[in-house]
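There are 2 protein chains.
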Amino acid sequence: MKEQGILLIISGPSGSGKGTIVERLCGNEDFSLSISATTRQPRDYEKNGVHYFFHTKEEFLKMRDNMELLECAEFCGNFYGTPRKYVVEKLMEGRNVILEIEVQGALQVKKIYPDGVLVFLIPPNLEELGKRLTNRGTEEKEEINRRIHRALEELELVQEYDYVVVNDTIEQAVADVQAIVRAERMKCSRNKNIKKIFKGEMESC
Amino acid sequence: MKEQGILLIISGPSGSGKGTIVERLCGNEDFSLSISATTRQPRDYEKNGVHYFFHTKEEFLKMRDNMELLECAEFCGNFYGTPRKYVVEKLMEGRNVILEIEVQGALQVKKIYPDGVLVFLIPPNLEELGKRLTNRGTEEKEEINRRIHRALEELELVQEYDYVVVNDTIEQAVADVQAIVRAERMKCSRNKNIKKIFKGEMESC
Chain A
2 MKEQGILLII SGPSGSGKGT IVERLCGNED FSLSISATTR QPRDYEKNGV HYFFHTKEEF
62 LKMRDNMELL ECAEFCGNFY GTPRKYVVEK LMEGRNVILE IEVQGALQVK KIYPDGVLVF
122 LIPPNLEELG KRLTNRGTEE KEEINRRIHR ALEELELVQE YDYVVVNDTI EQAVADVQAI
182 VRAERMKCSR NKNIKKIFKG EMESC
Chain B
2 MKEQGILLII SGPSGSGKGT IVERLCGNED FSLSISATTR QPRDYEKNGV HYFFHTKEEF
62 LKMRDNMELL ECAEFCGNFY GTPRKYVVEK LMEGRNVILE IEVQGALQVK KIYPDGVLVF
122 LIPPNLEELG KRLTNRGTEE KEEINRRIHR ALEELELVQE YDYVVVNDTI EQAVADVQAI
182 VRAERMKCSR NKNIKKIFKG EMESC
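Protein chains in written order, with our numbering: chain A, 2 to 206; chain B, 2 to 206.
Since the hints were derived computationally from the structure, they do not count as laboratory data.
Each statement offered as a hint is correct.
In the DSS-like style, the derived pairs of lysine-lysine whose C-alpha atoms are separated by at most 27 Å in a straight line are:
#  : chain 1 : residue 1 : chain 2 : residue 2
1  : B       : 86        : B       : 58
2  : A       : 112       : A       : 86
3  : A       : 188       : B       : 91
4  : B       : 111       : A       : 193
5  : A       : 197       : B       : 132
6  : B       : 86        : B       : 112
7  : A       : 19        : B       : 197
8  : B       : 19        : A       : 193
9  : B       : 193       : A       : 19
10 : B       : 19        : A       : 188
11 : A       : 193       : B       : 188
12 : A       : 112       : B       : 196
Some chain B residues near chain A, calculated using beta-carbon distances under 8 Å:
#  : residue
13 : 156
14 : 159
15 : 160
16 : 163
17 : 164
18 : 166
19 : 177
20 : 192
Not the full set, but computed from the structure, chain A residues with beta-carbon under 8 Å of chain B:
#  : residue
21 : 159
22 : 164
23 : 165
24 : 166
25 : 180
26 : 183
27 : 184
28 : 187
29 : 188
30 : 189
31 : 192
32 : 195
33 : 196
Keep in mind the model is a prediction, meaning the values are calculated, not measured.
We put the beta carbon where it would ideally sit given N, CA and C, even for glycine.
The following block holds chain A by itself, in its conformation from the complex (with noise of 0.2 Å):
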């Protein structure tokens, strides 16, 4: 039987580099992205399977209320989910799956799948967050301001996390987060078969 992979929610402020790390994690190949679902349109290049299941709306809120949906939220008019059957499949092949997501969502899913497992990823201080938001180029002096404070507003919940990483570097907290992974697989509670491995041989010694 192979071993059953990790479910890794990565939740952190904008800025904290979750984008990288979690790209960084899928070039290794025992890590899969998890793939969501939507209700809206597709974009010219996009495949469905590949970077959404795209659904109508009445396929998506069956989905909700049949409890396959392991959180999902609404955006802009469309909806957003996490298919629970493309992330169970994955780790029964023994892949961890990766699920890059936003706290309020993160929660959801680690009350639904409790052996997932909450990463928050901070930048090492407020300072940095400010400067890697600025050096982005992309935003206003009054929109970063908002970003930090929406990141200290996250960090009220980060209690409820499992593990925090301070992003110092990027190979740092892609190797803290496979140290992660790597000790949760070993976590007794995670192969209770062990025993049953090891007495089976006995009686068949």
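Based on the hints, put chain B in the right spot on chain A.
Quick look at chain B alone, frame taken from chain A:
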């Protein structure tokens, strides 16, 4: 403020390779081996505070009654125990402390120091365990069978542990334990001050 270290409590059947793994970890400057207290007479080469802390029976029992020991037990008329003071000092210096100890003692420590991390080390399978014990060449067949049965008894308590590490190779098992310690240091429950640090920064912005 220096980040606090992790108290790592390692158990496992004889033949699981505990000794070698602990030795390797202690070769790393972040790890210290705990020093036990005992009432037995020092041997010629043994130094107080290096091999053991040597005490009279009266001193030892006073330490025990004052809750100054994380665990204690009696073997062949002598007392052995783990002084809390030495462990806590090292942890406060930011070092990880290793306690190599049998199952009953490990569970005592976890009760008194719930932040301790319990790691159970096992050989990849029973056949391998038998082989390792035989290769030592020091044990009779009957003694080997007794140890295998003892290992199975200890396995009954594995669900009380936090992690189970399968010692396929020494290198992998050492890296597994290092990943556990790295991950544990990132647990939100051990980083409650992170929110305060950010908030403090914000007020002084």
